[in-house]
Amino acid sequence: MAYRSRLAHICSSSAGRLGCLQRSGNTDALSSFRRLYSWWSSVQPAPRDPILGVTSAYLADTHPSKVNVGVGAYRNDEGKPVVLQCVREAERRIAGRELMEYLPMGGSAKFCELAVGLAYGEDAQALKDKRVASVQALSGTGAVRLFAEFIKRFQPESSAYLPVPTWSNHHNIFRDANVNQNTYRYYLASTRGLDFEGLKEDLKAAPNRSVILLHACAHNPTGVDPTPDQWKEISKLMKEKEHFPIFDMAYQGFASGDTQRDNQAIRIFLEDGHQLACAQSFAKSMGLYGQRIGCLSVVCADAAEAAAVKSQLEFIARPMYSSPPLHGSLIVTTILSDAALKELWYKEVKDMADRIIGMRTDLKKNLEDLGSKHNWEHITKQIGMFCYSGLTPEQVDRMTQEFHVYMTRNGRISMAGVTSGNVKYLANAINEVTKV
Amino acid sequence: MAVATDASRFHAVPMAPPDPILGVSEAFRADTSDLKLNLGVGAYRTEDLQPYVLNVVKKAEKLMLEKGENKEYLPIEGLAAFNKATAELLLGADNPVIKEGRIATVQGLSGTGSLRLAAAFIQRYLPGVKVLISSPTWGNHKNILNDAGVPWSEYRYFDPKTVGLDFDGMLADMKDAPNGSIILLHGCAHNPTGIDPTTEQWDIIADVIQEKEHIAFFDVAYQGFASGSLDEDANSVRRFAARGMELFVAQSYSKNLGLYAERIGATNVITTSPELALRIKSQLKRLARPMYSNPPVHGARIVANVVGDPALFDEWRAEMQLMAGRIKQVRQKLYDELVAKDKSGKDWSFILKQIGMFSFTGLSQSQSENMTNKWHVYMTKDGRISLAGLSSAKCGYLADAIIDSYYNVQ
Chain A
1 MAYRSRLAHI
11 CSSSAGRLGC
21 LQRSGNTDAL
31 SSFRRLYSWW
41 SSVQPAPRDP
51 ILGVTSAYLA
61 DTHPSKVNVG
71 VGAYRNDEGK
81 PVVLQCVREA
91 ERRIAGRELM
101 EYLPMGGSAK
111 FCELAVGLAY
121 GEDAQALKDK
131 RVASVQALSG
141 TGAVRLFAEF
151 IKRFQPESSA
161 YLPVPTWSNH
171 HNIFRDANVN
181 QNTYRYYLAS
191 TRGLDFEGLK
201 EDLKAAPNRS
211 VILLHACAHN
221 PTGVDPTPDQ
231 WKEISKLMKE
241 KEHFPIFDMA
251 YQGFASGDTQ
261 RDNQAIRIFL
271 EDGHQLACAQ
281 SFAKSMGLYG
291 QRIGCLSVVC
301 ADAAEAAAVK
311 SQLEFIARPM
321 YSSPPLHGSL
331 IVTTILSDAA
341 LKELWYKEVK
351 DMADRIIGMR
361 TDLKKNLEDL
371 GSKHNWEHIT
381 KQIGMFCYSG
391 LTPEQVDRMT
401 QEFHVYMTRN
411 GRISMAGVTS
421 GNVKYLANAI
431 NEVTKV
Chain B
1 MAVATDASRF
11 HAVPMAPPDP
21 ILGVSEAFRA
31 DTSDLKLNLG
41 VGAYRTEDLQ
51 PYVLNVVKKA
61 EKLMLEKGEN
71 KEYLPIEGLA
81 AFNKATAELL
91 LGADNPVIKE
101 GRIATVQGLS
111 GTGSLRLAAA
121 FIQRYLPGVK
131 VLISSPTWGN
141 HKNILNDAGV
151 PWSEYRYFDP
161 KTVGLDFDGM
171 LADMKDAPNG
181 SIILLHGCAH
191 NPTGIDPTTE
201 QWDIIADVIQ
211 EKEHIAFFDV
221 AYQGFASGSL
231 DEDANSVRRF
241 AARGMELFVA
251 QSYSKNLGLY
261 AERIGATNVI
271 TTSPELALRI
281 KSQLKRLARP
291 MYSNPPVHGA
301 RIVANVVGDP
311 ALFDEWRAEM
321 QLMAGRIKQV
331 RQKLYDELVA
341 KDKSGKDWSF
351 ILKQIGMFSF
361 TGLSQSQSEN
371 MTNKWHVYMT
381 KDGRISLAGL
391 SSAKCGYLAD
401 AIIDSYYNVQ
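Chains as they are written, first to last, in full-length UniProt numbering: chain A, 1 to 436; chain B, 1 to 410.
Bound conformation, chain A alone (with noise of 0.2 Å):
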């Protein structure tokens, strides 16, 4: 620091005074120099991401036994990630094809029409009135965004009530929108399940015509879903408040192995009358992750209504992205326009439905059969990718540091990563950081 104070009188301007230390040959006075005076001086480091910093972690870890089950992406049984053979047979068909001009601002009409099908039910009434506005959006997450940005410009004076847990990235999602953002109760730790009577508390505290996020099936990260009956009352509930619903259906097909199971919420609001939202993504459904392929629809009053909501959607997709990425789109409009591909898809996206079911089957077994005293029947009644399973962050960090298993602090294991190979080491790892 000596240079610096030394040639501080020197050079009248911090540009000038870089050029005098240039000039001086010091190289370490410049770094500091350039370290202080530099644009950016003050820029802290970002904190890791919850979810997508455990991944490095675990990939940075040389310990041979080591398991994660922290960001949710299928694993097969062997620990590998998979590609859908309908998927591989659609890439097969559009490789060599000639074209690959921007899509409109609002991607694919072609993929947006199938997408909303499966979301909606193809024969959904809002479908056949021609008042649902759909975009091709950049997965679920884009989706949630877009959504976001358009409640921020169209009813500034509506805040979103996200449950209490969500996945973490919402609360960024609405934060950077900037929109204003409360809770409502949703899962109950003592009984590792809804909390529906908090829910309806909050919902019916929170101010009229409020948006509402709600998870379709397959909740992240409790995989604690209402029941079918519990999601009428819910839908009154919201009717009555004027509540606006927007659904984050990240699951379909993935959780009950049954896409028109897991849609079910959705139609039981459409059925009420709802105007609603959903925010689709293909990525687990379809393996498509990389590839940020998803959709948001926004039910109108009517066909004029839906094209001028999809115009601004676009409005605001044009200086964000201009047009959204084209392969994803061409692989799951070729998937769900044939026929045979379509239902080698139900079948795939079942078996990986299936082979979660039986690992949580496996794990709550083995916890029981170690002699574990607490109660794991959440495992099996919990639904989807993640199980919730009521670690604490300090139990968390046993499991990573003594048995080298990732996860998110809050306790999520995604189960799409236990395997037969893992699930008794899982098991064992569990009991040991739960002993009493």
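With a cut-off of at most 30 Å between alpha-carbon atoms, the simulated DSBU-like pairs for lysine-lysine come out as follows:
no., chain 1, residue 1, chain 2, residue 2
1, A, Lys-241, A, Lys-152
2, A, Lys-342, B, Lys-62
3, A, Lys-342, B, Lys-58
4, A, Lys-236, A, Lys-204
5, A, Lys-110, B, Lys-59
6, B, Lys-142, A, Lys-152
7, A, Lys-80, B, Lys-67
8, A, Lys-350, A, Lys-128
9, A, Lys-110, A, Lys-128
10, B, Lys-328, B, Lys-374
11, A, Lys-241, A, Lys-200
12, A, Lys-435, A, Lys-66
13, B, Lys-58, A, Lys-110
14, A, Lys-110, B, Lys-62
15, B, Lys-341, B, Lys-353
16, B, Lys-36, B, Lys-343
17, A, Lys-200, A, Lys-239
18, B, Lys-67, A, Lys-66
19, B, Lys-59, A, Lys-342
20, A, Lys-364, A, Lys-435
21, B, Lys-67, A, Lys-347
22, B, Lys-346, B, Lys-161
23, A, Lys-342, B, Lys-67
24, B, Lys-59, A, Lys-80
25, A, Lys-80, A, Lys-66
26, B, Lys-381, B, Lys-161
27, B, Lys-58, A, Lys-80
28, B, Lys-353, B, Lys-36
29, B, Lys-62, A, Lys-80
30, A, Lys-381, A, Lys-80
31, A, Lys-128, A, Lys-342
32, A, Lys-347, B, Lys-62
33, A, Lys-381, A, Lys-424
34, A, Lys-347, A, Lys-364
35, A, Lys-152, B, Lys-130
36, B, Lys-84, A, Lys-80
37, A, Lys-152, A, Lys-239
38, B, Lys-36, A, Lys-110
39, B, Lys-67, A, Lys-350
Simulated from the structure, these hints should not be mistaken for laboratory data. Bear in mind that the values here come from a model prediction, so they are computed numbers and not experimental data.
Dock chain B against the given chain A, drawing on the hints supplied.
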């Protein structure tokens, strides 16, 4: 059960205005005339006016299909091999900036997404600082800055009298701006004018930016596509980097690799130390996560495969020269036709002096509308034509249309 229309949450939502650039192609598609010509969006066409998928891209996709790689999430910052390749393409592999680790590179959603990420970073870390954009500039620049909440103003750029660069105006406006502003520059092949500063002028621009302690923000959407040479087209950015300046650079592979629809580009921040680069990168990731979580893999793999294979890389250079070459040819043809048909002696040489995909014809809005309404020539209302959409065969027709619009319409 129907929804009562007066209860709709969205009944007050107005129809958004059509995008001035992308809307042109939609209008073109709806036109049934045989004479129609699409000189709207900047997407390259062959002499037969067909879209062009580069051979190296087909080969790369075939390789990728054979490798059968998985479709897992990329990290938030994108494909590592792509990030390395794109920084090296921009600066040259042996550039000290890269060797010293002073660059933060994050894969982005083509040029738009990369600009937006940088703008979001500026909004967060330089709140209130203004970005100066050229007058005119690509229409979406304003939308990006507006939606990111970044204030902007314009610096003079296009001189309608000379149909060239208003260099004095440009420098004066940069000097007038408060110290520490951000100057958005087009690395090469300025969009929409096609008018680039000379090397000498770039050096003077850099001097002013340094004097005023501004920060330069380069939009590089046409590297390799303008002159045909990747290195030549990166000249402006490299000269600035060589001065030790901190820079933003947004890159796109839409045009030079024809990967328009795959949305592949990068946000780069060149800074003064590797520690800073790491911190900046972490904050760029934090902005990307609530926008799209992680970027799409397909386009990134194509670029990495092409750049990573010396034979494919050479082939790519050749294809770029072909594309840039066809555009130069078509500029010459159009100029020859205009000179032959226009007896007034007007100087049309700006068509030859401009570079890249676009030409700013100097036609007014009503003249541009005449081009469309009377001649079925689709272009943007600011007088911009995309030469990438022009064939030699149609140069005569276009010359007629331009001459008619210029002289007969006010």
